[in-house]
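Undergrad: Given next are the chains, with one letter for each unit.
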Amino acid sequence: MEPVRAVEGRAYPWGAKNVDTDVIIPAHWLKTITRAGLGRGAFETVRAEPGNIFDDPAYAGAPILIAGDNFGCGSSREHAAWALADMGVRAVIAPSFSDIFSGNAFKNGIVTVVLSQEAVDRLIVVARDHPIAVDLETQTVTTPFQDRFAFTLDPFRRDCLMQGLDEVGLTLARDAAISDYETRVAAERPWL
Amino acid sequence: MRAIVTEPRTLYQKIWDAHVVERRDDGTCLLYIDRHLVHEVTSPQAFEGLRVAGRRVRRPDLTLAVPDHNLPTTPRVDAAGRRLPIADAESAQQLAALEANAPEFGIRLIDATAPEQGIVHVVGPEQGFTLPGTTLVCGDSHTAAHGALGALAFGIGTSEVEHVLATQTLLLKQSKSMEIRVDGALGFGVDAKDVILAIIGRIGASGGTGYVVEYTGSTIRGLSVEGRLTVANMAIEHGARSGLIAPDETTFAYLKGRPMAPAGEAWGRAVAWWRTLPSDPGARYDRTVTLDAGQIAPSLTWGTSPEDVVPITGAVPDPDSFADASKRAAARKSLDYMGLAPGMRMQDVGVDNIFIGSCTNSRIEDLRAAAAVAKGRRVASGVRQALVVPGSGLVKRQAEAEGLDRIFIEAGFEWREPGCSMCLAMNPDKVPPGERCASTSNRNFVGRQGPGARTHLVSPAMAAAAAVTGRLTDVRELMHQQTGSL
Ligand code: SF4
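Quick note, the sequences are listed as chains A and B, same order.
With the first letter of the first sequence counted as 1, position 172 gets the number 172 in this note's numbering; the numbers rise by one all the way through.
With the first letter of the second sequence counted as 1, position 455 gets the number 1455 in this note's numbering; the numbers rise by one all the way through.
Fair warning: there could be bad hints in the mix.
The calculated lysine-lysine pairs, modelled on DSSO-like cross-linking and capped at a C-alpha distance of 30 Å, are [as the list claims (entries may be wrong)]:
(1) A:Lys17 - A:Lys31
(2) B:Lys1430 - B:Lys1327
(3) B:Lys1327 - A:Lys31
(4) A:Lys17 - B:Lys1430
In case anyone wonders, no lab produced these hints; they're calculated from the structure.
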């Protein structure tokens, strides 16, 4: 996976609360066979409305999404994270996230940044016209106006994101231990 | 010399300990996975991930691929033996992807036309792929079923499927343990499905969340492997990721001679190890729940959660009777969706569809139980569709050898090809909006069997009883009639 040390650029100043995975990617997109291309289905119902934020040229290709409480609730479908990644989102900022969504986002190289509602409100105002920056090194979100909001990431996840280590890559690095286990078990339980 | 561990351990703890590759300081373990089942819906993106990263499957020999979810249950080959096309383009694409990915990564595929094809959770035990004391995963939430043979089995997401394919391991933290003990003899007309429905009704749909459950007690011991599979299959419906049943002589007798089970000298060694697995006397569980089998009646669900269980002799509950406010609200919504009113007798509710199948209830015993009720009777005129869908090609052929297919067909049921069928509305078998179905599957969620479909979960015998009377029916009445006429 691509290392993520910082995500900088325009941000969708959305702020919607309780965005469930059906809103992120409607169920009829689940019969696909690739992770790629799901960006087309992302926020399909929101996009059906004229003047929606996702089709506003000002934010086209924005790498950051700012949302409200409980982002990513609902089903465990990993397609939600795939859809965001495919539309180019690398970081989501919200006051809270569903656990499963955070896990899925992390597995797909998307940073989930938890900030207070106050901070989120301020970022929404700034993001309407200006870029913002999420820095994993210093664990801060900054704006061109001296705003500085600190957040924390799970140290393991932060490491993985910054070094571009996906979980599979990390476990593959434990190959020797896995091979040792296999050798031992082949002797103890040869019927496996 | 290593000290001998004497502390009593549970079955779960023993399987866990035997699979730890590495333990991290925070308690997370890299756990080895012995068996991996793959189907067409949750695997394409995992294989794609491997391809993009240039990775291979670490142990293709421990992986078995079987299509089941999307496959239509109508004939798959024409008279000349040619494959028939699948009308739904997306389903066809997912099936084609599995058929391409399996050979590309060296994985054994039981394809759509193979005689062994069936629902992953039916095929695994039947082939002897599922073994006691193994860790087994599949990208499907009903994987717990395999716990019936004493395997630590659970469902995983697509990224985890990819992780297992690439590394044969998963990073996991141990769950808490729960014992669900059922003792006593089952009453007349009561079967394994009623036992698990009673358990879910008792502990609730989230009662097992955070736990790995072990089902124990004389009732469970007395069940066949088929019955145990029905019980463990629904562990996720009470929130538990895995449900285990200790392997015993019943398990060994079931497995012996299965195509992928150990044979010869290996069989003896395997059985000797499997005998060490049952929980030690005095092993501690974080929680224990006990049920008296004698109290369990033929049961069914009235609402849209599997915890909404009543005996068939019961009535639709009044939402106001629930102590919990959120449950009251949920019950009102459920009844609205289900088109039922409080106080209605369950036996007065008419049905439009019958589904006998799914990984919960599509094995030979299930079909025998349903056929015993259907025999010499007719599907009621008000029933629009009554499907019998064997869980695998082997079950289908066994049933045909026993003449069960004739019984069903003569009674007016449709006899189909194996697959998930009407369990989940991903293939052409669906319950139309607003119609009601007595179903032997495991989920009665809103829209599970099709948008607007109304599901009542029942045992195979109860489904057959509903088919021939056209309403939800106490199967015991039909069984009495049958005995009386002999
Ligand atoms: S039969 Fe139903 S529950 Fe079982 S694997 Fe198929 S879809 Fe899942």
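Undergrad: Each of the hints needs a verdict: does it hold here or not?
TA: Hints and how they fare:
For a cut-off of 30 Å, the pair hint linking lysine 17 of chain A to lysine 31 of chain A stands: about 27 Å separates their Cα positions. For the proposed pair lysine 1430 of chain B and lysine 1327 of chain B, the alpha carbon gap of about 28 Å is at most 30 Å, so the pair holds. Straight-line distance between C-alpha atoms of lysine 1327 of chain B and lysine 31 of chain A comes to about 33 Å, which puts the hinted pair past the 30 Å bound. Simply put, lysine 17 of chain A and lysine 1430 of chain B have alpha-carbon atoms about 34 Å apart, too far for the 30 Å limit, and the pair is violated.
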